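Engineer: Chains as they are written, first to last, in the UniProt record's numbering: chain X, 1 to 210; chain S, 1 to 297.
Please note that the accuracy of each hint is not assured.
Said to hold, decoys possible - In the DSBU-like style, the derived pairs of lysine-lysine whose C-alpha atoms are separated by at most 35 Å in a straight line are: (1) K83(S) <-> K59(X); (2) K144(X) <-> K220(S); (3) K144(X) <-> K83(S); (4) K83(S) <-> K220(S).
To be verified - Some chain S residues well away from chain X (every beta-carbon gap over 10 Å; in silico): (5) T3; (6) V44; (7) Q81; (8) Q89; (9) D104; (10) I252; (11) A265; (12) N269; (13) S289.
Treat the hints as calculated values from the structure; they're not laboratory data.
Predicted model only: the values in this text are computed from it and were never measured.
The C-beta atom is built at its ideal place from N, Cα and C for all residues, glycine as well.
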Amino acid sequence: MTGDEKHEWAAASTIDVLWVLYDKVLNVTPATADDPDRDRFLLSKGHGPMAYYAVLAEKGFIDESTLDDWTSWDSPLGQHPDRVLVRGAEISSGSLGHGLPIAVGTAIGQRIAGSRGRTFVLVGDGELDEGSNHEAIAVAARLKVANLTAIVIDNQSAMYGWPGGIARRFAVEGWQTAEIDGRDHEAVFTALTAPHDRPYAVVAKIEKGN
Amino acid sequence: MTTMRQAFVETVNDEIAADPRIAVVTAVISSNEFPQENERVVDVGIREQTMVGVASGLALAGLRPVVHSYAPFLVERPYEQIKLDIGHQDVGAVFVSIGASYDDPAWGRTHQSPGDVALFDTLPGWTVHVPGHPDEVTPLLQQALKDDNRVYMRLSLHENTQAYPVGEGFTTVRHGKRGVVLAVGPMLDRVLKAVDSENADVTVLYAATVRPFDATGLRKAVQNTDHADVMVVEPYLEGTSSHLVSETLQQIPHRIRSTGVKRHAELRNYGTAEDHDAAHDLDVVGLGSAVRSFFRG
Numbered sequence: 001m002t003g004d005e006k007h008e009w010a011a012a013s014t015i016d017v018l019w020v021l022y023d024k025v026l027n028v029t030p031a032t033a034d035d036p037d038r039d040r041f042l043l044s045k046g047h048g049p050m051a052y053y054a055v056l057a058e059k060g061f062i063d064e065s066t067l068d069d070w071t072s073w074d075s076p077l078g079q080h081p082d083r084v085l086v087r088g089a090e091i092s093s094g095s096l097g098h099g100l101p102i103a104v105g106t107a108i109g110q111r112i113a114g115s116r117g118r119t120f121v122l123v124g125d126g127e128l129d130e131g132s133n134h135e136a137i138a139v140a141a142r143l144k145v146a147n148l149t150a151i152v153i154d155n156q157s158a159m160y161g162w163p164g165g166i167a168r169r170f171a172v173e174g175w176q177t178a179e180i181d182g183r184d185h186e187a188v189f190t191a192l193t194a195p196h197d198r199p200y201a202v203v204a205k206i207e208k209g210n
Numbered sequence: 001m002t003t004m005r006q007a008f009v010e011t012v013n014d015e016i017a018a019d020p021r022i023a024v025v026t027a028v029i030s031s032n033e034f035p036q037e038n039e040r041v042v043d044v045g046i047r048e049q050t051m052v053g054v055a056s057g058l059a060l061a062g063l064r065p066v067v068h069s070y071a072p073f074l075v076e077r078p079y080e081q082i083k084l085d086i087g088h089q090d091v092g093a094v095f096v097s098i099g100a101s102y103d104d105p106a107w108g109r110t111h112q113s114p115g116d117v118a119l120f121d122t123l124p125g126w127t128v129h130v131p132g133h134p135d136e137v138t139p140l141l142q143q144a145l146k147d148d149n150r151v152y153m154r155l156s157l158h159e160n161t162q163a164y165p166v167g168e169g170f171t172t173v174r175h176g177k178r179g180v181v182l183a184v185g186p187m188l189d190r191v192l193k194a195v196d197s198e199n200a201d202v203t204v205l206y207a208a209t210v211r212p213f214d215a216t217g218l219r220k221a222v223q224n225t226d227h228a229d230v231m232v233v234e235p236y237l238e239g240t241s242s243h244l245v246s247e248t249l250q251q252i253p254h255r256i257r258s259t260g261v262k263r264h265a266e267l268r269n270y271g272t273a274e275d276h277d278a279a280h281d282l283d284v285v286g287l288g289s290a291v292r293s294f295f296r297g
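Please model the entire structure based on the sequences and the hints provided.
Structural biologist: Written out as structure tokens, the structure reads:
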């Protein structure tokens, strides 16, 4: 453990969604990690990537032995992931509010290429405070980026919360939305595989302290 | 007469029709100049952070994005996105600005960007072009669109009377023995007039590309003079390239005079670009004075 309780809580909040994504939803494997038609998963909430690394190791993207000395000088694994160093990581993240705008561009790029690939991006509810996310929420709907799914881990970290709930913020811009229990694997799977003809936001609630 | 901006638009529109890798991302400014029916032309509205983020995503998906806006909105507002979404993701893009340091100062400080090149200078791996004539824009841009690297091109309403060859390091415009003047982009005509007015026997180098910095070209020019005295005239923040001149000449005792937009105060005057040139001693009179005092004796 890192001794950084906030990052450990961030990892604990995302572990179930990450596992269901990589185990049952994403069309990507270590062998297809460079395939232009792969599904792309962007971890925008780069804080607390221990869960992400664990899933990538379990699925064979990275060597499990690299987990032991993470954050050391020679390790490719840091407190925030670096796509240049981590096989399977689609973006480098850590500074909040970057992943969703990048995901909009990635999804548009897939559409331009005629790819069947989809883009999934995971953001935190606290991260949604960043204004760049609200630019991207609006743009994705206006540009009808239907192959984009944003997963919001709602562990009640936003300083002032969201009036009417997070899903409402996306819905008013024209996104399809769903709210689920972020610990319920079946619910996560059902939500992440639901058909949608516009950008889609899945709010995965995690009870504080759970 | 074609402006640099027109040359940019025409070149991009020619290339986007020919090369399926090229995409354009705008935030309203100039968006109607590009073919809206082309799915590779994306306007995000007035959302500059997302403009850069979307460009990053397009690059990650294999496209070659051209990102365009007025200089302060392209460079200063989304600076962290440029640093992280482009540089740290290790993807390429071509950023093209208009407005320069103060092309239209009647719009006030909000539309001025003398620090743009200095900001790019904090980031590794960027090529920076500062063309001085519309005819230099097209070859620089065509090459940039073919590559996969990170490029910033700074366009201005101010230009020299003639174009020079681009892409091969600094161009020697004039030979002299008293020292070297390095003129960047649109500063060349004024530098030549200032040098003439002072009868200064100096070598004048011209740079339309400032990063990478042509250290070899500068070193050779200095070696062919009697004094290792280098005056740098840049149309943006003064001293932006001084560290590279100093690094280039580190084995040679030398003097540097940095000329550009002054750092000591924020000018709140409106007026014209010529008024601001005079205030920053970037007009012929001011440059002549700098040439006279620096190369005296």
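Engineer: Would you mind marking each hint as holding or not holding in the structure?
Structural biologist: Status of each hint after checking the structure:
no.	hint	in the structure
1	K83(S) <-> K59(X)	holds (31 Å)
2	K144(X) <-> K220(S)	violated (56 Å)
3	K144(X) <-> K83(S)	holds (28 Å)
4	K83(S) <-> K220(S)	holds (34 Å)
5	T3	holds (29 Å)
6	V44	violated (5 Å)
7	Q81	violated (7 Å)
8	Q89	violated (6 Å)
9	D104	holds (26 Å)
10	I252	holds (38 Å)
11	A265	holds (31 Å)
12	N269	holds (32 Å)
13	S289	holds (45 Å)
In terms of the numbered hints stated before, the structure departs from hints 2, 6, 7 and 8, listed from lowest to highest.
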